[in-house]
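Asker: The chain contents come next:
Number of protein chains: 6
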Amino acid sequence: MPTIRVEMFEGRTDEQKKDFVKAITEATVQTLGSSPEAVDVLLFEIKRSDWATGGVLWSDRK
Amino acid sequence: MPTIRVEMFEGRTDEQKKDFVKAITEATVQTLGSSPEAVDVLLFEIKRSDWATGGVLWSDRK
Amino acid sequence: MPTIRVEMFEGRTDEQKKDFVKAITEATVQTLGSSPEAVDVLLFEIKRSDWATGGVLWSDRK
Amino acid sequence: MPTIRVEMFEGRTDEQKKDFVKAITEATVQTLGSSPEAVDVLLFEIKRSDWATGGVLWSDRK
Amino acid sequence: MPTIRVEMFEGRTDEQKKDFVKAITEATVQTLGSSPEAVDVLLFEIKRSDWATGGVLWSDRK
Amino acid sequence: MPTIRVEMFEGRTDEQKKDFVKAITEATVQTLGSSPEAVDVLLFEIKRSDWATGGVLWSDRK
Numbered sequence: 004m005p006t007i008r009v010e011m012f013e014g015r016t017d018e019q020k021k022d023f024v025k026a027i028t029e030a031t032v033q034t035l036g037s038s039p040e041a042v043d044v045l046l047f048e049i050k051r052s053d054w055a056t057g058g059v060l061w062s063d064r065k
Numbered sequence: 004m005p006t007i008r009v010e011m012f013e014g015r016t017d018e019q020k021k022d023f024v025k026a027i028t029e030a031t032v033q034t035l036g037s038s039p040e041a042v043d044v045l046l047f048e049i050k051r052s053d054w055a056t057g058g059v060l061w062s063d064r065k
Numbered sequence: 004m005p006t007i008r009v010e011m012f013e014g015r016t017d018e019q020k021k022d023f024v025k026a027i028t029e030a031t032v033q034t035l036g037s038s039p040e041a042v043d044v045l046l047f048e049i050k051r052s053d054w055a056t057g058g059v060l061w062s063d064r065k
Numbered sequence: 004m005p006t007i008r009v010e011m012f013e014g015r016t017d018e019q020k021k022d023f024v025k026a027i028t029e030a031t032v033q034t035l036g037s038s039p040e041a042v043d044v045l046l047f048e049i050k051r052s053d054w055a056t057g058g059v060l061w062s063d064r065k
Numbered sequence: 004m005p006t007i008r009v010e011m012f013e014g015r016t017d018e019q020k021k022d023f024v025k026a027i028t029e030a031t032v033q034t035l036g037s038s039p040e041a042v043d044v045l046l047f048e049i050k051r052s053d054w055a056t057g058g059v060l061w062s063d064r065k
Numbered sequence: 004m005p006t007i008r009v010e011m012f013e014g015r016t017d018e019q020k021k022d023f024v025k026a027i028t029e030a031t032v033q034t035l036g037s038s039p040e041a042v043d044v045l046l047f048e049i050k051r052s053d054w055a056t057g058g059v060l061w062s063d064r065k
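Residue numbers (this note's numbering), protein chains in the order written: chain A, 4 to 65; chain B, 4 to 65; chain C, 4 to 65; chain D, 4 to 65; chain E, 4 to 65; chain F, 4 to 65.
To be clear, the hints were calculated from the coordinates, so they are not data collected in a lab. Possibly wrong hints are sitting among the right ones.
Said to hold, decoys possible - Partial selection, computed: residues in chain A whose CB lies under 10 Å from chain E:
#1 4
#2 6
#3 45
#4 48
Where a beta carbon is used, it is the ideal one built from N, C-alpha and C, also for glycine.
Build out the structure end to end from the sequences listed, making use of the hints.
Answerer: Here it is in structure tokens:
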């Protein structure tokens, strides 16, 4: 703990994911004082056909 | 906000998903007074082999 | 199933919640063909001091 | 209700999942007094490239 | 990991919660082979006025 | 999107929360290239009597 869950569109590279979990963990350690090993980050990649804003799926926008 | 997460069995058509997110967003706008663009809906399709009721996976029922 | 989780700011009236869960359930029944009793809706009221957009808590905005 | 969500690494066998949901449901029935049919268990299998501890994805550990 | 989230009606005693997390953790260890310290269980107590089934809040049922 | 949910023990100060959501949002913007306004962070403060590790609630540890 803390446990951090992130929902984002699919399509990030492995490198982006690696940098992201590192950066978000450091941000947590520095501002909350958690020990790094206590921070879990789980990534959920959501398809644009499974996320709607304003009643319209992102796969149907524009 | 609001942010709405829906877990349902996999197997809906694109048309059903499109109608569902539209209907659920309109229901939110009308009853909560949210602006449509503030409503996010995320769909999570769950396999019957990953959902159990009464201790039995749905893939094993009947 | 489906199970619907809604995160929204706190402060809705009992009447709004009652209307909201009814409307959202009807929208689900009509577009997904679920039986009403199979639809669960869970409401999570979030304080403005626990929700940030753009890095700023809503309790600190304007 | 109760509704139980489990996030775990991918790679369990069908047999393990079947035993797990059965055991966890029985544990719930015995300690909380729920009726078995009221207990839902949802499994989310997470890839090691989507779960980080200490800022490092499990796919990159060791 | 695994991380187990449980949503249930509020009103369990401390003793029930204690027994429940112990039983559910043992069930996990025995069927998935996890080490006990790797199992996290988080309890979310939901008010009957925040959970609806069939479009009706549980606080309004019966 | 991304939407970031954080479960942590209760007891952080307003200042810590403010710094945390700012830092985590900046980390997201820098590594994923999201626009700041697209990043939502939701904080869930969990009581030690609602979080167990190894089958023991944190309120009962030590």
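Asker: Evaluate each hint against the coordinates.
Answerer: For each hint, the structure was consulted:
no., hint, verdict
1, 4, "holds, 8 Å"
2, 6, "holds, 6 Å"
3, 45, "holds, 8 Å"
4, 48, "violated, 18 Å"
Of the numbered hints stated above, the single one contradicted by the structure is hint 4.
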